[in-house]
Amino acid sequence: MFSEFFQFTFSGVTLGAIYALVALGFTLIYNASHVINFAQGEFLMIGGMGTVVLMDAGVPIYFAIPLAIAMSGVAGILLHRLAIAPAKNADVVTLIIITIGASIFLRGLAQVFWGKEYHALPNFSATESINLGGAILLTQSLWILGIAAVLVTALGLFFTRTALGKALLATSMNKDAASLMGIKTGAILMMAFGISAVIGAAAGVIVAPITLTSYDIGIMLGLKGFIAAAIGGLGSSTGAILGGLLLGLAEAYTAGYISSDYKDAVPFVIILAILFFLPNGLLGSRAVERV
Amino acid sequence: MKRMLKQLAAGAVTALGLSLATVPAQAADTIRIGSFLSVTGPASFLGDPELKTLELYIDKINSSGGVLGKKLELIHYDDAGDASKARTFANRLLRQDRVDLIVGGSTTGATMAAVPLIQQAGVPFISLAGAETITTPVKKWVFKTPQSDRQAARRILMDMKERGFTKIGLISGTGGFGASGRNVTKEEAPNFGIEIVADETYNPKDTDTTAQLTRIRNTDGVQAILNFDFGQGPAIVTRNYAQLGIEQPFYQSHGVASDSFLELAGDAAEGLRLPASALLVADKLPKSDPQYDVLNRYKNDYESRYNESVSTFGAYAYDGLQLAVQALMKAGSTDKAKVRDALESIDGAVGVTGTYRMSPEDHMGLDAESFRILEVKDGDWALAE
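Protein chains in written order, with the working numbering: chain A, 1 to 291; chain B, 1 to 385.
What the hints contain is simulated information worked out from the structure, not anything from laboratory work. Note that the structure is a prediction, hence the values are computed from the model and not measured. Don't be surprised by glycine CBs; every beta carbon is placed ideally from N, CA and C. There may be inaccurate statements among the hints.
Label pairs and their computed distance ranges (CB to CB) [said to hold, decoys possible]:
no.	chain 1	residue 1	chain 2	residue 2	range
1	B	Gln119	A	Phe105	38 to 44 Å
2	A	Gln111	B	Asn300	27 to 33 Å
3	B	Gly176	A	Leu272	26 to 32 Å
4	A	Asp261	B	Gly193	25 to 31 Å
5	A	Gln111	B	Ser333	30 to 36 Å
6	A	Phe5	B	Gly379	22 to 28 Å
7	A	Ser3	B	Asp347	53 to 59 Å
8	A	Phe63	B	Ser309	52 to 58 Å
9	B	Ser309	A	Ile96	42 to 48 Å
10	B	Tyr292	A	Val269	25 to 31 Å
11	A	Ala265	B	Glu369	40 to 46 Å
12	B	Asp341	A	Gln111	43 to 49 Å
Let the sequences and hints guide you as you build the complete structure.
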């Protein structure tokens, strides 16, 4: 009875940790520009698939992972330079639509050059799972949670303690005023895309031993990550982690205690409820409409 | 006057064009085999080896003298996995190219889109797609070479019965293949005295199924577990199964009978069983096996020509073409009604997928035994004992 409960909890934590890590990637670009970057899932894909492709080419894994993550960072900067920057005066909705287009483009490239097969990455730890009171917990979920915690702390410090982070927040609050204060808003935004892509790619590598990876892995993980970010309040890193865990646990408990047929429906009910009572998510800052 | 001349000239050009277009249809020095396959697009893993197989064997047959003293001519269109394109191309094959018979249709969607036209035109058609609806109910001109998922479900249940299991757990994907597999398994299970005591599903894109597997494991009396699906979902289920340390025997369906599944699932796949084409273990079969020669000949021919591993999908095209050739020889002409009757009376043609026994009630001609039960041993396929 208890082992069953533990098992569902561990399953939920594993799922939740994955969603949380993906959700983190959304916060940076959102904070910088209020754009929801729907190509975030593709950064994950570049991280995971890039590592697989490099390893197939004979690159050892400890070089392949940083290379793939760097590759994704470059893709993020290019995405900003080639697609977002030229549309500089467009409103946020237009920019969001551009990111959707970019995600389809990146997916297409990966499909053509890297193939449509699924691939698996090896576990980070030698032991695959730990038995706790009759339930098993994957060591990889601990890795994911740990790295997510490190990233949240780092992002928190970045926004509150560094000039760059503050410049980024200033750009998000009022672009014109920030630029009058001498902040290069274009460069700030480009940096936000680059760092987001790096975070996304790192997430893509860490989750690949559990989720497997393929050219289209970004669709599902990107969507779930976005939902987690929306539950937590877009722009809040701690909220992203909370949202991810809540979503994962809701899915696992539904599949375990109610029926796997309703597994995908219950989380949506939760999202509707949360967004109805707390339109800015659990930890989102209240939007102030300037009149 | 000038205008009239112009009209005359235009008329003459049109007439010339028309007569040119109909010339190939009247030339009867070749046997025209039409085909539409999904060579590109999402189903290219089906269409690509199918087209390669057709080209390979039509060349081979022609270089050894053809059929009925005539050369075979392949007229092929790529439907890119799009059912509406398949319909257009089927129409072109029937009306413009006037083919003698059609071997093609990589996907069920493409096949079913073309079936009404083919039925109306009355041309023998051998489909290479899996779904049961293609030949159930029987359609006069339509045949197919792959087994349906019902045969796979039967073969799995047969093996379970032999091992003495009466209560099983089922976990399936909610996609088309998994949902259909779940239905036929539930329909067929009572015929084998097997009760499905746990029935769980997952979304084909899910990344974790441990909650569902835990539920199945904690259901009283589950003696074996079956996962019916294709794609990467079964690889995740298999990994979760091993992670949870579940001890009951594990079955997969024919949907994952490929080497890429073994790669994805890794050590977790060790010991699981599934029904599959004998092609996967062609070189491990005893020489006395009736399919031994056909299987190894096809495998060697394909691999030496294209330098890539043979696939069970290409084998459907091999069987389709061989059935067509056999029917043509039996009919002694390209008369469409005679060829159709000859196809329907094929009894005991040994192919790569199985031994075909067609009848007026069965236009697919394979039974559950055409699947072999394989077991994963040391990271490779082996015949289960």
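Outcome of range test on Cβ distance (Phe5(A), Gly379(B); 22 to 28 Å):
violated, 35 Å
Whether the CB-CB distance between Gln111(A) and Ser333(B) falls inside 30 to 36 Å
violated, 46 Å
Tell me if the beta carbons of Ser309(B) and Ile96(A) are separated by a distance inside 42 to 48 Å.
Holds, at about 44 Å.
Does the Cβ-Cβ separation between Asp261(A) and Gly193(B) fall within 25 to 31 Å?
holds, 27 Å
Between Gln111(A) and Asn300(B), does the C-beta distance stay in 27 to 33 Å?
holds, 32 Å
Holds or violated: 43 to 49 Å for the Cβ distance of Asp341(B) and Gln111(A)?
holds, 45 Å
Range hint 25 to 31 Å (beta carbons of Tyr292(B) and Val269(A)) holds or violated
Because 57 Å falls outside the window, the suggested range is violated.
Range agreement (Cβ of Glu369(B) with Cβ of Ala265(A), hint 40 to 46 Å):
Holds - the Cβ-Cβ distance for Ala265(A) and Glu369(B), about 41 Å, lies within 40 to 46 Å.
The hint says 26 to 32 Å between Gly176(B) and Leu272(A); measuring C-beta to C-beta, is that right?
holds, 28 Å
Supplied distance hint 52 to 58 Å, evaluated on CB atoms of Phe63(A) and Ser309(B):
violated, 30 Å
A range of 38 to 44 Å was offered for this pair. Does it hold for the Cβ distance of Gln119(B) and Phe105(A)?
For Phe105(A) against Gln119(B), whose Cβ atoms are near 42 Å apart, the range 38 to 44 Å holds.
Between the beta carbons of Ser3(A) and Asp347(B), is the distance compatible with 53 to 59 Å?
holds, 57 Å
In summary, the structure is inconsistent with hints 5, 6, 8 and 10 from the numbered list given earlier, while agreeing with the others.
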